[in-house]
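I would like the entire structure built from these sequences, with the hints used as guidance.
Single-letter residue listing:
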Amino acid sequence: MADLNQMLKMLGELDDQLVNCMRCGMCQSVCPVFAETGREADVARGKIALLEFLGHEMISDTKGVKDRLDKCLLCGSCAAACPSGVKAVDIFLKARAIVTAFIGLSPVKKAIFRGMLSKPKLFNNLLAIGTKFQGLFTSPVNDIIGSSCSKLLSPVLGDRHLLSLADKPLRSAGNLNTAPGKSGLKVAFFYGCVVDKMFTTVGEAMLKVFKHHGVGVYMPIDQVCCGVPSLASGDMKSFEDLVRMNLKLFGKGDFDYIITPCGTCTSAFHHVWPLMCSDFSQEERAQIEMLASKAMDINAFIADKLGVSVVESAVGAKKVTIHDPCHLKKSLGVSGQVRTVLKANPNLDVVEMSGSDVCCGCGGSFNLQHYSVSTKIGKKKRDSIAATGADIVAAGCPACMMQIADMMSQAGDRIAVKHPVELYAQTLG
Amino acid sequence: MVSQSLKQAFATVVGSDNIMDAEADKHSYSYDAAVLDPVLPSLVVRPTTMEAMGKVVKLCNDNGLPITVRGAGSNLSGGTIPSKGGVVLLTNALDKIIEINEEDMYAVVQTGAITAKFANAVAAKGLFYPPDPGSQAVSTLGGNVAENAGGLRGLKYGVTKDYVMGVNFFDVDGNWCKSGSKTVKCVTGLNIPQLMVGSEGTLAVMSEFILKLVPPPQTSKAMMAIFPDIMTASRTVSAIIAAKVVPCTLEFMDNFTIGAVEGYAKVGLPLDAGSLLLIEVDGHPGQVADDAEKVEKICKDNGCIRIQVAKDAVERNKVWEARRAALSSLARLRPTTVLEDATVPRSKIPAMMEALDKIAKDYKLTIGTFGHAGDGNLHPTILCDRRDKEEFHRVEQGVDAIFAAALALDGTLSGEHGIGLAKSRYMELETNKASVMYSKRIKAAVDPKNILNPGKILGE
Ligand SMILES: Cc1cc2nc3c(=O)[nH]c(=O)nc-3n(C[C@H](O)[C@H](O)[C@H](O)COP(=O)(O)OP(=O)(O)OC[C@H]3O[C@@H](n4cnc5c(N)ncnc54)[C@H](O)[C@@H]3O)c2cc1C
Ligand code: SF4
Ligand code: SF4
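Just so you know, the protein sequences line up as chains A and B, in that order.
Per my numbering, the first sequence starts with residue 7, numbered consecutively.
Per my numbering, the second sequence starts with residue 542, numbered consecutively.
The set of hints was computed from the structure by calculation and includes no laboratory data.
Think of the CB as a built atom: it goes at the ideal place given N, C-alpha and C, for glycine as much as any other residue.
Just so you know, not all the hints are guaranteed correct.
[Claimed, not checked] Computed Cβ-Cβ distance ranges for the label pairs, DEER-style:
| id | chain 1 | residue 1 | chain 2 | residue 2 | range |
| --- | --- | --- | --- | --- | --- |
| 1 | B | D853 | A | E358 | 52 to 62 Å |
| 2 | A | K15 | B | A563 | 21 to 31 Å |
| 3 | A | D21 | B | D831 | 54 to 64 Å |
| 4 | B | F669 | A | A292 | 55 to 65 Å |
| 5 | A | I109 | B | D558 | 46 to 56 Å |
Laid out in structure tokens, this is it:
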């Protein structure tokens, strides 16, 4: 976002949104970061006050503002609970873009976002090399979760318990473009970065579901990241590049729905792209609107479009508990459908945890920048999961799956982390 | 400004992680829920032990630095705006529930404990802490005591002051003072705990409270009564009280608010209704059935169009959903929400509603009114855009007129939101010059340098 006019326009839009905050402070009761730090700058109200100052006075401490803005999971809990209807996450995304444009991206992030995510070939090749050598640097710690930890004392990895990259990414299956079967439906399959590279089993489960229900699939393997990680870092340029690359592949809309296994990707299509791409050409805007209307999470697709029947759980069944990812529940309103999908598996007994929709503390790059706060939040989630006595925890978001796996592996739990679609696919022949 | 060496002294007391003086942090301690201009503090300090809290107070006093204590900053009267700069002292790290005594029915709790968490912990032990301000999910007990917060159950159960048995606090020199007792009866000396209630941080920095607990009601029944106009609803309020039924909750909503709630929350309210009463009776089952029947009859006798008595928890929740949605629904209509707190004797509610109607017309304002009708505590809520200077000037005039009207009807400036900065200029109108002077003398005696929340309640 080099363009000053675009920035000024955004500042104006921001001001209109900021003024809606009535400073009631009710967001304090739901903000996971505030619960750990007790600092007003870490909750929506404090950030909004800060931005008002930024908008009006154009700054004496931009870096200070940026640091405070970055300390946010973008989980949307505040917006979902705000009496005044303040769309805090929309505000923060725009604000991060403005502030980043002011001070420029850090060189490391520039390298990652400009150099890798938006150059998918390079990114994929680098990961392929990483996959080959990952075993040299990590040792397995938990066979149920499938996690490992760093053999070397690595400043980047820290104490994290990591899941391995898949031997072969999902895209290695090649481009797909099949005709609708008995369902009469055809979907575009947007798998998202983590499912492509780590949770390939989730992608495979989705393909199995589509096949079983007779759904035609369009899966171009040149698809790239949805852009939210870039945007969360304030990098509008990379974000816009990624959106345009994806539009080239999906903009024609020769499908009924565009389905993803990730709450964040779905809400990107649904909400973030239309919000942040106001300067795109009319044609591009039309494509974005079309994708917004067709985007759907896999759980919602199975429950609402394919239709599955709920079966009573069998005696001696495995217990599964559900984590409701923030973007899935708070931004897309998908939570009942996850339960429907899981209850279709006769081997599962669904047990609810307390606070199933409390954020797990991952928040994408928040986990990298503020690992200790992220872990504190994550440990609470782990405790809620463990308290249910479940054998499996299901989460419809790959980022949450990584965070929960890390937390539970560190606690030595023997609880598997699965995507709901994997558990549903088990029931299909 | 706080010198580097003084900052170091604070850091030694609370740890450097617990002080903030960056511009970007100070902005988020410059406001509260009142629609007033922000003022930046010089330093924000977050003690994590009581001992440190006392030392912070002493350091401030020794150096003549104003102290503004901040709980959740949810007050609506500017009480936590550090209007003279200085130190904002955060209490939210001091949030322990020290004791819940089931036998003697009291609790000992630190100032930063969150009201709803405390009430839930008490409920888990089979007891009841009734004060339930609308902000209970975030507000602290210290803030509740300092503002004498009320809530929906005020009519039957009273407000925070009715539950404060003891207050421990730091005087301005940082000495730890103990007042009140764990006994139900205690008349030792001046009634210091009650002096602290409603003192809005101007007399001391409170650290812990001894709070009274009561047995929970066995059962309750909620109902929603729809009236053609305000007069019939107001008459009903008086008639219910006159019939010696004391509901735990008796809430009111005007036609404008009903429209806003229906527009946003869609809970099935009739848009042609002139006003609405939301009523809950509680107690033991026989009493509840009896009271509910009486209330239903009184409503019908007084011209109620329709009454919905909740048959189960789901229907009861619907009634409260409507009430809970009042502020949110209004707040979404315009950018700025000025929530006021004019309170009048119950019998004067119709006159107050007429006055509000006239004020809205005179100053071309949009006002929605809801509130605790059973207490005469109304919340006229002015919707505006504070960026529009001309409109906001009319709002300020309208607010003056609202208080003048409440006082003319033997009402009060504040039923529950406190005086703070927002209403200090009206103090003499409600009390009198001599009375304000008396309060000022108390203040001067306990805080000779005027550093404890200066400018609040009593003005300059
Ligand atoms: C949406 C909403 C709904 C509300 N509903 C109600 C309601 O139903 N009833 C009601 O009465 N109020 C209500 N309020 C107002 C407000 O929540 C109450 O006044 C509450 O008691 C403030 O608590 P707090 O912890 O936020 O205090 P703060 O706002 O942080 O502080 C309030 C005052 O107390 C002082 N203070 C705090 N702690 C101490 C201490 N330890 N020692 C000395 N002084 C101290 C502060 O200096 C300040 O003057 C509402 C506010 C909002 C935003
Ligand atoms: S809950 Fe909404 S209106 Fe209230 S302070 Fe937070 S963002 Fe502002
Ligand atoms: S988005 Fe989440 S982390 Fe960020 S301020 Fe809102 S509730 Fe807190």
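> Cβ-Cβ distance between D21 (chain A) and D831 (chain B): within 54 to 64 Å?
Replying inline: 56 Å, holds
>> Verify the CB-CB distance for D853 (chain B) and E358 (chain A) against the hinted window 52 to 62 Å.
In response: Violated, at about 22 Å.
>> Tell me if the beta carbons of I109 (chain A) and D558 (chain B) are separated by a distance inside 46 to 56 Å.
In response: 25 Å, violated
> Honestly, do K15 (chain A) and A563 (chain B) meet the 21 to 31 Å range at C-beta?
Replying inline: 29 Å, holds
> Should the hint that F669 (chain B) and A292 (chain A) are 55 to 65 Å apart at their CB atoms be regarded as holding?
Replying inline: Because 59 Å falls inside the window, the suggested range holds.
When the structure is compared with the earlier hints, violations turn up for hints 1, 5 and for no others.
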